[in-house]
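Trainee: For chain S, the structure is supplied; the task is to place chains C and V on it using the hints.
Protein chains in written order, with my numbering: chain S, 1 to 227; chain C, 1 to 148; chain V, 1 to 121.
These are computed hints drawn from the structure, not numbers from a lab. Idealized CB from N, CA, C, for every residue including glycine. Treat the hints with care, as some may be off.
[To be verified] Covered, in the sense of this in silico footprint (three residues per stretch, anywhere, with C-beta under 8 Å from a C-beta of chain S), are these stretches of chain C: (1) 31-40; (2) 103-117.
[As the list claims (entries may be wrong)] For the chain C half of the interface with chain S, some residues (derived, Cβ under 7 Å), not all of them: (3) P18; (4) G19; (5) H22; (6) K24; (7) F46; (8) T130; (9) A134; (10) V138.
The lines below spell out each chain.
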Amino acid sequence: MSDPETETRMLRVYRFKRGDGGEHFDEFEVPTGPRTTVLDALRWIQLNRDPSLAVRHSCLHASCGTCGVQVDGHEELACVCAMRDQGQEVTVEPLANLPILTDLVVDMDEFFARFPDEHPIIRRSEGEYVRLEDCIECGLCLSACPVAATSRHYVGPAALVAAQRLLEEPRGADCEAVVDWADRPEAAWGCHVGLECTRACPADAIPAERIMALRHRLTLDGKDGGS
Amino acid sequence: MSGSPAAELPGTADRAAPGPVHHKGPGPAPSGWLDPRGRGLGGRTFALHRITGIALLVYLYVHLGVLSMLLIGRSAWGDFLSVVTAKGFLAFDVVLMFGLLFHAFNGIRVALVGSGVAVSHQRALFWAATVIGAPLLVYAALHVFGGT
Amino acid sequence: MLGHPSNRTARVWRWTVGSGVALLVLATVHMIAQHFVVGGTGGLRTYQQVLDYLANPVIFVLECGFLFAVTIHGLLGLRGILLDLSPGPRLRQWIDPGLWVLGTLTISYGLVLLITLAIRA
Numbered sequence: 001m002s003d004p005e006t007e008t009r010m011l012r013v014y015r016f017k018r019g020d021g022g023e024h025f026d027e028f029e030v031p032t033g034p035r036t037t038v039l040d041a042l043r044w045i046q047l048n049r050d051p052s053l054a055v056r057h058s059c060l061h062a063s064c065g066t067c068g069v070q071v072d073g074h075e076e077l078a079c080v081c082a083m084r085d086q087g088q089e090v091t092v093e094p095l096a097n098l099p100i101l102t103d104l105v106v107d108m109d110e111f112f113a114r115f116p117d118e119h120p121i122i123r124r125s126e127g128e129y130v131r132l133e134d135c136i137e138c139g140l141c142l143s144a145c146p147v148a149a150t151s152r153h154y155v156g157p158a159a160l161v162a163a164q165r166l167l168e169e170p171r172g173a174d175c176e177a178v179v180d181w182a183d184r185p186e187a188a189w190g191c192h193v194g195l196e197c198t199r200a201c202p203a204d205a206i207p208a209e210r211i212m213a214l215r216h217r218l219t220l221d222g223k224d225g226g227s
Numbered sequence: 001m002s003g004s005p006a007a008e009l010p011g012t013a014d015r016a017a018p019g020p021v022h023h024k025g026p027g028p029a030p031s032g033w034l035d036p037r038g039r040g041l042g043g044r045t046f047a048l049h050r051i052t053g054i055a056l057l058v059y060l061y062v063h064l065g066v067l068s069m070l071l072i073g074r075s076a077w078g079d080f081l082s083v084v085t086a087k088g089f090l091a092f093d094v095v096l097m098f099g100l101l102f103h104a105f106n107g108i109r110v111a112l113v114g115s116g117v118a119v120s121h122q123r124a125l126f127w128a129a130t131v132i133g134a135p136l137l138v139y140a141a142l143h144v145f146g147g148t
Numbered sequence: 001m002l003g004h005p006s007n008r009t010a011r012v013w014r015w016t017v018g019s020g021v022a023l024l025v026l027a028t029v030h031m032i033a034q035h036f037v038v039g040g041t042g043g044l045r046t047y048q049q050v051l052d053y054l055a056n057p058v059i060f061v062l063e064c065g066f067l068f069a070v071t072i073h074g075l076l077g078l079r080g081i082l083l084d085l086s087p088g089p090r091l092r093q094w095i096d097p098g099l100w101v102l103g104t105l106t107i108s109y110g111l112v113l114l115i116t117l118a119i120r121a
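Isolated chain S, as found in the complex:
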């Protein structure tokens, strides 16, 4: 007997395989219940319809930041995005503004490459605690950012927030170098106050507010830079 709370929804899933022709969307009818997430639906497709569908995930509870996708144009962590909150037809695409490796998997190297080279702010979390609190490095902010959609040189919200975090608590870091890095058109001044990053952030890291705090510091610093 079928569960009365189960209903079928259509998933339009972005597909791209290197060397196998161009990009396209595949449609799948997926049974969903009240607690089904977008990630559950994608894994159901993998298990029951198309094992070649690639989607990256790990923790299943919004703490690893690996399953970021666009659901009907909104940046979401697939593992905590409820299918019942979506329409009958749901379009799932990879994150924007990052190169696609395959299907829904983007190359996060380009995300981390935007951080200042001399300050590995969020990648060295073991041993030397300089990690940005709250940020789960999911890349949703970069995908949502209208400036990153235009400018490939813009470093994006996460890197700027990490810089601000470092300035708030330097722990011996070279603040002047961070200020120099941030005080560029491609960094703090590339932000045009669209505030989409805070809206997209699933971890409440409030990136826009941190970027504005960074700009406040740069605005008041003057030509000497201060620190």
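Mentor: Just chains C and V, lined up with the frame of chain S:
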């Protein structure tokens, strides 16, 4: 095993090529900021701020060009006035007033938020600007059309 | 990654905001004085009314200030948009000089216009 067997497999070069970059927006990458889909208040006001800014800059140069008729003399300026006071042109004036008011009021909001002041009040600032700007636009429209 | 030149671009933001604040005052004066206190002709001044208006030295100074502020603000905004288009290094090095030339020409033309009309008044 000698060499790199993987390099000899068919399709290896295709698989090594970087994948496409997905962008929001109706066209190529530079149009991403224009796309209102999936955007919130901040993203949409940013797009409109930029559109009105570009339009006002274009208008500035048209305006300066048109003012050269003042240099030509009284009759040239009189002829120009008779054209631009037609109803169609006056409607354009109202659109221009909207652009000016939106860019000015949203500019105050962007300046305050973008300088790290009143960041948490960005939404309230938008609605305050709307409450003040909308009656001003209505007044300007009535004045422009009422003055004919 | 891009290089990290120590160009203090905060000053561009300060100039943009500063010229914007100046414009709030100067554009309001310009709009009210030029278009909202004049009866008839859709709020536009006749040739003689324009000359009479610019004959006032305070108004002349305010209009000159408006010309400077609007040119600076507009071209700094254009600079931001151009930089967002990710120009290559060769193209990018022409943006600032190009905008300086355009701004200088714009202000020069505007000043010639204002001074000529003020002399005729």
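Trainee: None of the hints should be skipped; say for each whether it holds.
Mentor: Hints and how they fare:
Only residues whose C-beta sits within less than 8 Å of a C-beta in chain S count toward coverage, and the segment 31-40 of chain C has 8 of them, enough to reach three; the restraint holds. Under a criterion of three residues with beta carbons nearer than 8 Å to beta carbons of chain S, the stated coverage of the segment 103-117 of chain C is upheld, 6 such residues being counted. Taking 7 Å as the C-beta contact cut-off toward chain S, the hint placing P18/C at the interface holds, the least distance being around 5 Å. Hint status for G19/C: holds, given a least beta-carbon distance of 4 Å to chain S, under 7 Å.
Taking 7 Å as the C-beta cut-off, the interface hint given for H22/C holds, the closest approach to chain S being about 5 Å. Interface hint at K24/C: satisfied, since its Cβ lies 5 Å from the closest Cβ of chain S, which is below the 7 Å cut-off. The restraint placing F46/C at the interface with chain S holds, with a minimum CB-CB distance near 4 Å, inside the 7 Å limit. Contact between T130/C and chain S, as hinted, is not supported at the beta carbon level, the nearest pair being about 17 Å apart and thus beyond 7 Å.
Below 7 Å, beta-carbon pairs count as interface contacts, and A134/C has none with chain S, the closest being about 22 Å; its hint is therefore violated. With a least beta-carbon distance of about 28 Å to chain S, the hint placing V138/C at the interface is violated under the 7 Å criterion.
Checked against the numbered hints listed earlier, the structure breaks hints 8, 9 and 10; every other hint is satisfied.
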